[in-house]
Structure formats: C-alpha cells, structure tokens
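Trainee: The chain contents come next:
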Amino acid sequence: MDTKILSLKLLFPLICILIIKPCFSQDTSLLKMLDDSSKYNSATFPVKGTFKALHLINAQTVESPAKKDLNFIIMHRFGKINDGAYEFFGLDNASIRLALDYGITDKLGIGIGRSSFEKTFDGYIKYRLLEQTSGKKSFPVTISLLGAINHLTLKDTIYVSAKDKTTYVSQILIARKFSSSFSLQLSPTYIHYNRYPELNSAKEVFSAMIGGRYKFTKRMAVTAEYNYLIPGMLDDVDLKNSFSLGYEIETGGHVFQLVFTNSQGMIESQYIAKTKGSWGNGDIFFGFNISRNFSFGKDKNKKKEW
Amino acid sequence: MTKNATISFHSHTFLENIDAVNKNVMAVIDAGKKNIAFSLITKQFDFPKKLMQQHFNENYIESDKYPKATFSGFYSENADLTKDGSYPLKVNGKLTIHGVTKDVQIPATLTVKGGAITGDATFKLNPTDYNIDIPFIVREKIEKENTVKVKAEWIPKF
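Heads up: the sequence lines are chains B and P, in that order. Quick note, the first sequence lines up with residues 7 to 312 if you use my numbering. Quick note, the second sequence lines up with residues 1193 to 1350 if you use my numbering.
The hints are simulated quantities; they were obtained by calculation from the structure and are not laboratory data. Here the structure is a predicted model, which is why all the values come from computation and not from measurement. Heads up, some of the hints might be wrong.
[Unchecked claim] To give a feel for the contact side, a few chain B residues facing chain P, derived at Cβ under 7 Å:
(1) Leu36
(2) Leu37
(3) Leu40
(4) Phe51
(5) Lys54
(6) Gly55
(7) Ala72
(8) Ser186
(9) Lys224
(10) Thr257
(11) Gly258
(12) Asn299
(13) Ser301
[As the list claims (entries may be wrong)] A partial selection of chain P residues facing chain B, derived with a Cβ cut-off under 8 Å:
(14) Ser1231
(15) Leu1243
(16) Asn1251
Glycine residues also receive a C-beta, built at the ideal position from the N, C-alpha and C atoms.
Same shape as in the complex, but just chain P (with noise of 0.2 Å):
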C-alpha cells in the first residue's frame, strides 16, 4: 500500500493544454487475491493555472460534493510479484468520479525490480461518461477524451 501514488490527467488542444497532477494518490495491491484498489481527493490535483484549478473542483467534478474518486478492481492474468520482471495485465473493475461508477477495463503493466512493485497505467476518459457537462462555449478547449496516467510504487509486506 502506498499513499503517494500519481495520477494525471492530460487535455491538449489547439487552444489550451491541461496538464494536472495528483501526487497523494492512495493505491493497495493485494497480489494473492489480485486485487487493486486506489482512492484520492480531488481537491488535491494541481494545475498550472489556479484558475481552471478553482473551476475544475466548483464546476466540473464538484469537489464539495464529490470528494474522492475510487476505483477498485481485479486482474486475471498470472504474475509472480516475487521475482523480477515485467507483467502486462488488464484491470476489470469499477471507476467511480463525480459520483458515477462505470465499468472499465484498463490495460496496466506491474514491474518487479529488487523487491519494490511499480504499476503503470495509461488510458482514455471521457468526462461525460462521468456525467460532467463541459458547456457549449469551452467546448473547444477541453478535449473528448482526456488520457489519465497512473504511477504507483509499492515496497510489499510479507
């Protein structure tokens, strides 16, 4: 379990980028179950402008309301998190932001070096799945489909 996983998220248009980071993400593997969950606030993503920092948590995923987004799931595939090497999984489960959950499936790869687990996973949203409505006039601004990158470190407990 790590409580300083990363999660970003990434819109690049023509007429802005948006590039905001959470750093305190937290994320727990349970490797006998296969099991993964993370959790974080999203008061906590940082942007470059504080502005659209301000509008991201009033008016688009209603940080007031909506604190946390979660997601929790599990894989399939065999991966012997006690020796070295590279796992390429697929992550069923369940993504939960501005208070809907939707089942996805993302593609994620576990790396075991010396001990230590890193996880990494990129993959597609888009924000009205979630039921976040992106008015007519920004429209242009924030792309269809943002990428969200995940970065989690684990040093396992035995």
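Next comes chain B alone, as it looks inside the complex (with noise of 0.2 Å):
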C-alpha cells in the first residue's frame, strides 16, 4: 500500500512535467527549416569500418590501412593443444609472423612479412576497387583485390632452385558491412606453387574464404573464417580446410586478437593449401594477433585553424 502512495507521489509530478513541458519549449521551427533542407537524405557516405583489423583472422580483410598510416602486426601461434602435457599443452612451441603495413593512398596499401615457419617472407598489395556506400548512391558491397608473394627461405633439398620457394597469390576480397556489427567477407583465391614439395612439381590452387564478423560490444567481437580448397586440388596429399575461431578486443590504436586455428602458417600459401591439423583431433593451436596503427599524415585542421 505504502509503495503504491510512494509511486503515485513520484509520478504526479511527472506527469505534471510532461504536460506543462511543451509550452516552455521554444519556437523550433527555424530548426524545422533546417530539417526540411537537410542534405542528409541526398548525401552518399562511404561504409567505414567494415572489419576492425587488417586480418580477420589469418585470411586478410578488405581493409588497409589510412593514407601515411603503418601498422605493425605481431601474429603468434602456439603448437598444437593435442601435444600434451609435456609440450605444455602447445604453449612450449611458437611460429611467428611479424609485419608492416603502410597505406600509400586510402585505397592502396603494401604490406611485407616474416614467418618463423618455414622461414618465409611475404610481401602484398592490396587495392580497394570498390567502396560499399549507404544514402543516395548506395553501393551494397567493398571489393579490393591483393596480390602477395610468399617466398620461403627453409634450407631442404626438395627445392632446386630458390626459384622453386616462391608462391604467388590473387585474391579478390568481397565483403559487406550488414549492420554496425555483422560484416561478412567472401574470398575467391588462386594460388600458384612454383613447386609444391608433397608433389614435388608446380600446383594452381583455387579456394575461397567465407569468414565474418559479430560485434556484441562496441569494441569486442567474434570472428569466425573458412577457407574452403576446391575438391580435386589436391586430393592426393592429406589436407585439411583451414578453419579458425577468433575473439578480438579494439582499444584505440590497437587490435588485439585471440584465436584458435587448425592452421600453423599465417599468410595464404601455408594456411591455404598447408593445413593438416584436424579440428576432430585436437590439432589446435592457439595463438594471438596484436595490431598497432600509427598515423604519420599531417595534421592538416590543426593549420587552418582559425
């Protein structure tokens, strides 16, 4: 009983509130007139943001990086879980990649890398064709093409020449930003061995990617990424689709990401057409991804300052 007094004494002066309220509101129909003209409705504005990283989570994403932006990504996977105890469950064991990414336009970036794994250096390109828009021009998905070069360093008599240790890549990256947070990326690759040691000749590879994005924060989400080797590629040595699992935390200039893989190799000739763990055996490795951007464009707002 009391309560009910106590929420009717709380609510009288709202509503009183609430009707007296609209006559001090003052004249806003200069703001109407605003309205009436805004340019909202006949602006296009380009989709920002489509992935947090420039990897979703060993494939890469549509993004590069801004205009005299570099980033710097530290990817680390620990051995396999299924090792045991006694190679500490994986955690005993690494594989490395380390790498620069520099935006020489907003659209263009080249990036090189270094993987402990195989003892392989990378290097890429990567164009942003289309740019997915919203409002009056509206354009449904971003499109960017990557070119990269895999060249492995791994003393092993199987390669004749150094010639035979280099691996090209195209991929065409197709993705789409369908909320805020759900972004979806599909990749068809082709890959070319110059020699695939297994077969001990040169290999063309097709796969595509499907992986995507869910942001249940504003700075956390889950990744997910499968990369899928058409059937009959090389159905002769006993490979695995890669498949990982990622969970990823944004805080300002970094990205920081963990992710579980049945992949040891990090860049599209190893993951690809490499992968031999077994997601149903335990052959999992866990690992991270860390990205830091740093921003060398000018300031440019801070000149015109008036």
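Can you join these two chains into the complex? Each is in its own frame, and there are hints to help.
Mentor: Dropping the structure here:
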C-alpha cells in the first residue's frame, strides 16, 4: 500500500512536467526549416570499418591502412593443444609472423612480413577497387584486390632452385557490412606454387574463404573464417580445410585477437593449402594477433584553425 | 541561412591532439524573432587521423544511430543587423548531441559588415553530459571538456 502511494507521489509531478513542458519549449520552426532542407538524404556516405583489423584471423580483410598510416602486426601461434602435458599443451612451441603494412593512399596498401614457419618472407599489394556506400547512391559491397608473393628460405633439398621456393597469391576480397555489428567476407583465391613440395611439381590451387565478424559490444567481437579448397586440387595430399575462430578486442590504435585455428602458417600459401591439422583430432593451435596503428599524416586541420 | 557554416572541436592533451572540422553545417538566423538554429551531420566531421574518425563515428557519437547534432536557441539582446557593428550575445537554447538534449547558454558574437552577418562562438562541452562513454583506457587522451568553435556567415534575405 505504501509503495503504491509513493509511486503515485513520484508519478504526479512527472505527469505535470510532461504536460507543462510543451508550453516552455521554444520556437523550433527554424530547426524544422533546416531539417526540410537537410542534405542528409541527398548525400552518399562511404561505409567505413567493415573489419577492425587487416586480418580477420589468418585471412586478409578488405581493409587497408589509411593514407600514411603504418600498421605493425605480431601474429603468434603456439603449438598444437593435443601435444599434451609434455609440450605444455603446445605453449612450449611457437610460430610467429611479424609484418609492417603501409597505406600509400586510402585505397592502396602494401605490406611486408616474415614468418618463422618455413622461414618465409611475404610481400603484398592490396587495392580497394569499390567501396560500400550508404545514402543516395548506395553500393552493397566493398571489393579489394590482393596480390602477394610468398618466398620461403627454409633449407630443404626438395627445392632445386630459389625460384622453386616462391608462391604467388591472388585474391578478390568481397565484403559487406550488414550492420554496425555484422560483417561478412567472401574471397575467391588463386595460388600458384612454383613447387608444391609433396607433389614435387608446380601446382595451381583454387580456394574460397568465407569469414565474418560479429561485434557484441562497441569494442569486442567474435570472428570466424573457413577456407574451402576446391575438391580435386590436392586430393593426393592429406589436407584439411583451414577453420579458425577468433575473439577481438579493440582499444584505440590497438587490435588484439585471440585465435584458435587448425593452421600453423599465417600467410596464404601456408594456411590455405598446407593445413594438415584436424579440429576433430584436437590439432588446434592457440595464438594471438596484435596490431598497432601509427599515423604519419599531417595534422592539416590544426594549421587551418581560425 | 547558410549550408557552409563551420563547427570544429578540439581536445588537446599531453598524449593526443584531436582537431575535427565540419564545414557543411547548416545554420539559420531569424533576426526578427531573435532565433538561431544549427544542424549538422556527424559523419561529415573530418579528422586528420582516419582511424580516429572511424572511432568517433562508431564508438563515441554513434553516427548510424544518431546521424545529426542540432542546436536551436534564442537571444534577448538587441542587435540591429542592418547596421555595421559587433554585437555580443548570450544565446540560450537546446543542444542535441548523441540523442541527448541539454539546455545550454552559449556566448556568441554577431558581426555585421557590409550587409553580411558573421556569427562566432566558442564554448566548452563535456562528452559525458551527452552519454558519450569514454573508456578508462583512453581517458588520458581525451580532454574532459572539449572546445567547440562555431563560425557562420549569412547574407541576409529581406
């Protein structure tokens, strides 16, 4: 009974305020005039931030660093979880990739990297061909093109010449940001191995990656990617499709990604067509990606300050 | 009425300087009723660091949810806008940012020269007043009170 009276006591002034409030509100016709002529409906906006980082987990995303931005990435994979207690569930072993990515323009990015796995150098160039837009002229997807060269320097007698150690990768990256929290990417991939070690010959490989991100808070997301090898490509080699799960945290210029994957390699020539781990057998590599963004662009707004 | 008023905001700390400009602000003044209104699209703020711009739109101001920021207010001082001169004013009104409306008083100056009216204002703004949550980890990089600068030029219609 008491609470009922109390709630009425609280409610009454609230109702009064609600009734009286319109009388105090000032003339908003001027604002309405601005609303009518608002350019919002007639403007086109590029859709930014389809993905937070340049890598979904292993796969490259449509994103590239903004003009004059430098991105430093540390990718790290421990050993297999099913190695057991003797290897401390994989944590005794590690494979690492260090990379630098730079934005020549907002659309054109380049990068170089070094992986400890097979002692590999990699270089790539990525160009954003089309950008997803919203507003008057809306376009549904962002399309980027990726070309990469992977060159391993591991000493192995199977490679006759240095040329044999080079692999070429081309990828079309197609992504759509469905909402501020959900993005999806599809990447058809073509890889040319000058020498695929287990076949002891040159090899062409076609595959497709499907991957996505779901942001459950403003700064945290879960990611997943699946790389599908077209059947018949490498049937004589006991390969598995690469599947990875990630958990992403963004803090300002850093992006941290905790990942679980059945691939040890972190570049296209390794994770797409050299993955032998099976999720079912527990061949899971735990690891992380850390990326840090540095801006070298001039602070032009500051100069023009009036 | 103008479509090219400028609103910029500035946050200067030891760790990070943020200077963002929006040059497509719509502004209207009614000298008869002594009313002033501004409206802007938050996505049109230009930051020198593009990652910052992305964070501003996605994490702070949430431009997809709240695409606009508006101000509508009035002043009571007498300013004869047909005569050249400088008129300091106190503009009272409602400022809406990030879906939150607050009553504010903003000191401004109207300058009339050769028929053109220029409005200038500088004021402080606290993002937390507008439910803009700044995470602990970047709190040292963003000033508690941002400085907002407004400049509008009108050619009056009679």
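Trainee: Which of the listed hints are broken here?
Mentor: No hint contradicted; all consistent.
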